[in-house]
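Peer 1: Sequence:
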Amino acid sequence: MSIHILGIRHHGPGSARHVREFLERMRPDIVLVEGPPEADPMLEWVGHAELKPPVAILAYQPDAPAQSAFYPFAEFSPEWQAISYARRVRVPVKFMDLPAAHLFALKEAPAADAATAAETGAPAVHVDPMTHLAAAAGYRSGEKWWEHAIEYRSDGGQVFEAVTEAMQELRLAFPSTNDREEALREAYMRRTIRQAEKEMYSVIAVICGAWHVPALVEMPAQKADNELLKGLPKVKVECTWVPWTYSRLSYYSGYGAGIASPGWYEHVWNRPDDDGSRWMANVAKLFRSKNMDISVAHVIEAVRLAESLAALRGLSKAGLEELNEATLSVFCMGEGLMMQLVHDELIVSNRLGEVPVEIPKPPLQVDIEKLQKRLRLPPTADFKDYTLDLRKDTDLERSIFLHRLQLLGLKWGHRSDVSGKGTFKEQWRLQWDPAFSIDIIERGNLGNTVEEAATNFVMQQASGATALAEVCALLENALPAEIPAAIEGLIGKINNLAAASADTLQLMEVIPGLVNVSRYGNVRKTDGDIVSGIATTMIVRV
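The numbering used here numbers the first residue of the sequence shown as 1 and each following residue consecutively.
Honestly, the hints are just simulated from the structure, not real lab data.
Errors might be hidden in some of the hints.
[Stated by the list, open to error] Here are the simulated DMTMM-like pairs of lysine to aspartate or glutamate, each with C-alpha atoms no more than 20 Å apart in a straight line:
1) K361 / D63
2) K234 / E161
3) K370 / E452
4) K198 / E476
5) K52 / D273
6) K392 / D417
7) K94 / D63
8) K411 / E476
9) K107 / D273
10) K373 / D393
11) K370 / E238
12) K411 / E442
13) K317 / D344
14) K290 / E238
15) K317 / D275
16) K373 / D344
17) K317 / E354
18) K107 / E182
19) K52 / D63
20) K52 / E442
21) K425 / D395
22) K411 / D439
23) K94 / E34
24) K144 / E354
25) K223 / D273
26) K107 / E181
[What the hints assert, rightly or not] Restraint ranges, calculated between C-beta atoms of paired labels, are given here:
27) V296 / E197: 33 to 41 Å
28) D439 / S277: 32 to 40 Å
29) V296 / S316: 22 to 30 Å
30) P92 / D433: 37 to 45 Å
Cβ coordinates follow ideal geometry from the N, Cα and C atoms, glycine included.
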């Protein structure tokens with residue numbers, strides 16, 4: 001019996017290639033992958049013609065859908081390649097991380113967690129191990145060191161042995177025994193490996209984040225792990241596949257295990273032997289589409305410059321940093337404006353994955369469909385007009401629902417003015433477009449219910465707003481959607497901005513909008529007096 005622990009970087013094309021080559025060489029009879037065990041049934045979909053990465057497994061708590069987690073995969077993700085291999089050769093493949101049922105339950109009990117943390121002593125030390133390896137190797141960042149040492153490496157060789165040795169040294173230097181969640185996760189991984197041994201599998205392949213490798217190579221006594229995992233709280237969890245995008249895969253989106261350049265990594269995965277020529281050709285094609293005059297000579301010169309930069313820096317080949325510097329110098333003549341286009345279109349990209357129609361629907365879409373049914377607002381291909389009387393409970397709920405969808409950018413409903421006086425009527429024209437399903441999935445990271453998603457969207461917009469008029473406009477849109485948490489935050493921000501503003505014209509410009517907003521209190525449950533008070537204060541200040 002042999003157990004092979006393959007330490008990888010999530011979403012690394014070199015790691016993915018090395019994993020695939022290792023599996024094809026060793027031919028394991030079971031594959032264990034870092035991920036939530038509740039999603040094991042979802043693995044049966046891998047290999048389906050209509051499941052095309054980037055995709056993500058969405059794990060959520062059905063009775064509290066705000067409690068959820070995404071587990072994204074790209075084609076160049078090592079986990080995806082391991083799962084695909086197992087499905088192709090028809091050997092068992094299982095997730096082995098701590099179940100989401102426990103993780104969600106632990107997050108619901110912060111008091112218990114705090115008590116446990118207090119018992120274990122000092123807070124956990126969180127460290128990026130690659131930073132220290134990079135410094136020892138003379139690199140400025142762990143990102144660049146790992147790319148040149150692992151992701152750009154053509155020969156897998158003894159790469160996993162080297163990763164294991166490096167991580168063992170780092171774990172000795174930076175112990176994480178006080179991190180309870182990490183200890184629980186690794187204990188459960190060891191339990192899964194032991195179970196595979198009991199089931200008499202002879203060649204076991206384990207694919208996990210590099211940092212976990214030492215904890216799985218040197219196993220403590222089984223009794224210790226059992227004691228650690230004993231009595232963990234749990235909740236009900238459901239899983240599904242959802243389409244994902246490269247922009248969501250990047251760490252710019254806030255994804256914890258995100259990468260800086262998903263589009264570039266896809267290129268490295270598909271063109272591992274590219275010396276930069278194909279990448280520069282793609283950049284040239286992009287610039288030409290924007291009517292920039294880029295010749296073949298430009299491409300040749302840019303590739304040569306990138307290679308020269310790599311040689312000066314002691315690198316075996318030009319990486320993204322060298323290619324970007326060459327692009328800036330040769331194509332852009334030192335002007336950085338067009339580099340944002342390269343970043344958005346090529347380096348990150350916004351590729352959207354696909355899932356089969358038979359896949360269970362994500363929570364946000366389920367919530368929308370549930371509200372459509374309850375409020376008797378069926379989605380139809382032809383437009384349908386509704387005149388809502390906000391004095392009626394059902395019509396008021398319909399209005400709130402449609403305003404929340406508008407905040408999320410789901411243009412199912414278009415509102416028009418109603419003739420006559422008063423604020424108790426609204427005219428809506430509804431027409432459903434099948435493409436809205438993509439928009440709903442895209443908004444899924446904001447929340448699993450319409451109210452939660454609309455609240456988070458407004459709060460995100462408010463966090464980046466610095467102009468008083470912009471925040472007042474957000475309040476005007478948010479108030480009829482009745483999202484109290486966001487409205488409270490907007491009112492506080494308006495008060496702060498107004499108190500700090502010395503621009504009289506700016507204050508005068510927002511007063512009519514605030515007065516208009518205050519009228520909603522006449523027919524809605526929202527208290528318009530608060531907004532009226534802000535407007536009055538501004539008038540006095542003016």
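Peer 1: Hint by hint, say whether it matches the structure.
Peer 2: We went through each hint and held it up to the structure:
{"no.": "1", "hint": "K361 / D63", "result": "holds, 15 Å"}
{"no.": "2", "hint": "K234 / E161", "result": "violated, 36 Å"}
{"no.": "3", "hint": "K370 / E452", "result": "holds, 15 Å"}
{"no.": "4", "hint": "K198 / E476", "result": "violated, 62 Å"}
{"no.": "5", "hint": "K52 / D273", "result": "violated, 24 Å"}
{"no.": "6", "hint": "K392 / D417", "result": "holds, 19 Å"}
{"no.": "7", "hint": "K94 / D63", "result": "violated, 26 Å"}
{"no.": "8", "hint": "K411 / E476", "result": "holds, 18 Å"}
{"no.": "9", "hint": "K107 / D273", "result": "violated, 45 Å"}
{"no.": "10", "hint": "K373 / D393", "result": "holds, 16 Å"}
{"no.": "11", "hint": "K370 / E238", "result": "holds, 18 Å"}
{"no.": "12", "hint": "K411 / E442", "result": "holds, 14 Å"}
{"no.": "13", "hint": "K317 / D344", "result": "violated, 24 Å"}
{"no.": "14", "hint": "K290 / E238", "result": "violated, 45 Å"}
{"no.": "15", "hint": "K317 / D275", "result": "holds, 7 Å"}
{"no.": "16", "hint": "K373 / D344", "result": "violated, 39 Å"}
{"no.": "17", "hint": "K317 / E354", "result": "violated, 34 Å"}
{"no.": "18", "hint": "K107 / E182", "result": "holds, 14 Å"}
{"no.": "19", "hint": "K52 / D63", "result": "violated, 29 Å"}
{"no.": "20", "hint": "K52 / E442", "result": "holds, 16 Å"}
{"no.": "21", "hint": "K425 / D395", "result": "holds, 9 Å"}
{"no.": "22", "hint": "K411 / D439", "result": "holds, 10 Å"}
{"no.": "23", "hint": "K94 / E34", "result": "holds, 9 Å"}
{"no.": "24", "hint": "K144 / E354", "result": "violated, 31 Å"}
{"no.": "25", "hint": "K223 / D273", "result": "violated, 48 Å"}
{"no.": "26", "hint": "K107 / E181", "result": "holds, 10 Å"}
{"no.": "27", "hint": "V296 / E197: 33 to 41 Å", "result": "violated, 58 Å"}
{"no.": "28", "hint": "D439 / S277: 32 to 40 Å", "result": "holds, 38 Å"}
{"no.": "29", "hint": "V296 / S316: 22 to 30 Å", "result": "holds, 26 Å"}
{"no.": "30", "hint": "P92 / D433: 37 to 45 Å", "result": "holds, 42 Å"}
Checked against the numbered hints given earlier, this structure breaks hints 2, 4, 5, 7, 9, 13, 14, 16, 17, 19, 24, 25 and 27; the rest are met.
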